[in-house]
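Knowing the structure of chain Z, use the given hints to seat chain E on it.
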Amino acid sequence: MITVLCIDDEADIRQLIVEELKDAGFATLEAANGQEGLEAILSYWPDIVICDISMPVMDGHQLLAEIQLNHPELFNIPFILLSALTDKDNVLTGLRAGAADYLTKPIDFDLLLAKLAGCIARLENDRAVGRAL
Amino acid sequence: MRRRKVGHMQQNIRITSHVTIVLTLLTALTALLLAGFMWLASAKVDDIALTRQTGYLKQGLDELVKAVQHELESVTTSNDAVLLASKGAHQWIADNIGTWMHSYFNHDRTYLFNERDELVFAMRDGQDIVALTFLDDEKPVAALRENVRAVLHRRIAPGDSAPPAIAEIFAEQILAIGGRPAVVSARPIVPRTDAVSIDAGKEFITVAVKFLDAGAVEKIARSTRNETLHFTTDPAESMAAIPIIATAGSTLGYLAWQPIRPGLMLIEQIAPAGIAGVAVAMGVVIFLGRGLRKTSIDLSESRLALMRHRDQLEESVRLRTAEIERQREELDRLLAQERHVNALQRQFVTMASHEFRTPLAIIDAAAQRLSRTKTSQKPEYVEEKSAQIRSAVLRMVDLMESILSAGRLETGKTTLKPERLSLAELIETCCARQTDIRKSHRFHRDLSHLPQTILADRATIEQVFTNLLSNAVKYAPQAPDIHIRTWTKNGMSYVSIQDAGIGMDAEDLPKLFQPYYRARSATGIAGTGIGLNIVKQIVDLHGGSISVESAIGQGTTFTVALPNKGPLANLIKRAA
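Taken in sequence, the protein lines are chains Z and E. Just so you know, we're using the numbering used here here: the first sequence kicks off at 1 and counts up by one. Just so you know, we're using the numbering used here here: the second sequence kicks off at 1 and counts up by one.
Check the hints yourself; a few may be wrong.
[To be verified] Okay, derived cross-link-like pairs now, DMTMM-like style, lysine to aspartate or glutamate, Cα gap no bigger than 20 Å in a straight line:
1. Lys489(E) / Asp446(E)
2. Lys378(E) / Glu19(Z)
3. Lys439(E) / Glu30(Z)
4. Lys22(Z) / Asp364(E)
5. Lys474(E) / Glu36(Z)
6. Lys378(E) / Asp23(Z)
7. Lys139(E) / Asp117(E)
8. Lys115(Z) / Asp364(E)
9. Lys439(E) / Asp101(Z)
10. Lys22(Z) / Glu384(E)
11. Lys22(Z) / Asp117(E)
Rather than coming from a laboratory, the hints here were simulated on the basis of the structure.
Here chain Z stands alone, though its shape is the one from the complex (with noise of 0.2 Å):
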């Protein structure tokens, strides 16, 4: 089963999700903000995260620094940005610092479904490239 981490402050949008995400079949994960995102990812080693950008204590693009600084084993997680901030500048930076997608507020859950689909195909492939070589 894949397993998806849900970063958001938002306590109602971190619920929404992942009741989506659960009816589409994934283990979930949940954490407020970027830093007990960190100790999520370093605990359970989810296959995909998504993570909001304005948060308290750490932030989004903290968080990702963070784990390409002091965790680059963890930096093949794919990283998919889901942000309020829709303006260019958070894009690049975020998309830069290694995300995957970044994905905008309000949400479309097909969209958002979609993104992880392909994010797990590609996961899926890796491993059993991984395996055949």
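Positioned in the frame of chain Z, the structure of chain E alone reads:
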């Protein structure tokens, strides 16, 4: 520097004064030296002149004495004289001997003695003395006559080997007669030719007296043009004099005269011109000196004026430069401020967008959830989604209200409608709303110290507490306890809202109530930066105040004070 130059110039002026004084002194000194030289020269000239005068007069006196013999000879050497004298021709003797001796040769007295040495003729001062007498001159006259007679006797006495020729017999003596110097001379009357002969020892003898203080000296005075020449026995100090020395060797007196001093006369003549010249020269020097001094002063003054002008110019340039610099700084400051406001506004737009999108996302997601799961919906589930949607809508309404309020406050269109309201109830309501929106935090309320009611505008005061409470929640994500305390003091109701959240840096506090400003510690937390500005303006409109205490990591306490009796009249007017 200026003072030094002024001193320098004053020194210049002093120097010009000194130059004038020195030049004046030099001129005076030169004049004095010139006068001294002239004095010396004139003295020398006068000396020379005196020597020459003395020489002339001595020579004149000598010649006068020497001439006596020839004068006497010229009247006594004649054939007629021998013949007519021996015959006693009185008139002839008077005419040819007495008058001649007196008139032509200036002899004062003439005596004629016969062969027996009897006085046969006498003339005094041109007067024929008929009653033959002597005055005070008998002794010297007799002595001279005896001298001549003695020589004549030697001619006839045997034994004398070389007796003098008769024509050469002459006796003369300078002596004083009656206190007057005189030349007394004697000579026998002798024939000129051999045609007449005299018996030896029978000669007539002429004796003449010539006073040196009378006509003779007057003649010298005339011939030497020395008008002041006169005889004196005691010449004054200022007079020049030559002595008259008797044959016996004693000094009989002096011929004295006022010495002629050509040098002194010259000086006397040119002195006024010289003094005038010196005065003029000194006048010219002083005039030039004053002119120099005036020029120097003028120059100094113009230089001073120039320096003052330059200083003023420098000063005005400096002031102008400072003014330009100040204006530039002001422009820079305004530009920076403008840029800052622009940046804040851009940030506001971004954040406002974010703030709207977040509740929208909740509403949208909840709606999607409802539509996707419609086959297996339980009433509780629908209830939950509806609550989420309503909460999100509330947030959006608050947000919209904030933004609209900000706009109204900014344009001064807010009108307060004060009413009697219970602040405690109002805070309760706001807390409940917050709890509706986010259930994560707990509000610990102590509202018992507030008055029953206060006079305030309900809508805006609600906004104040909604903002402060939502901030307390938002900026204390990991500290769920929020304390609300109240007290009353001096007619004011105080409400403090304390969180234990992220806090703020002291530097951020003064700017906290500026529009769009967000503390640096708020990075990563969504917010528009207008909330506290609105709070501040509303509290101010009510005549109240708001203060904040905070420290990084220590949480934040906002304290609002509102007047119990409502906004002051002037504040209502201002709001209108």
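For each hint, the structure was consulted:
no. : hint                  : result
1   : Lys489(E) / Asp446(E) : holds, 16 Å
2   : Lys378(E) / Glu19(Z)  : holds, 15 Å
3   : Lys439(E) / Glu30(Z)  : holds, 17 Å
4   : Lys22(Z) / Asp364(E)  : holds, 18 Å
5   : Lys474(E) / Glu36(Z)  : holds, 17 Å
6   : Lys378(E) / Asp23(Z)  : holds, 15 Å
7   : Lys139(E) / Asp117(E) : holds, 14 Å
8   : Lys115(Z) / Asp364(E) : holds, 19 Å
9   : Lys439(E) / Asp101(Z) : violated, 31 Å
10  : Lys22(Z) / Glu384(E)  : holds, 17 Å
11  : Lys22(Z) / Asp117(E)  : violated, 209 Å
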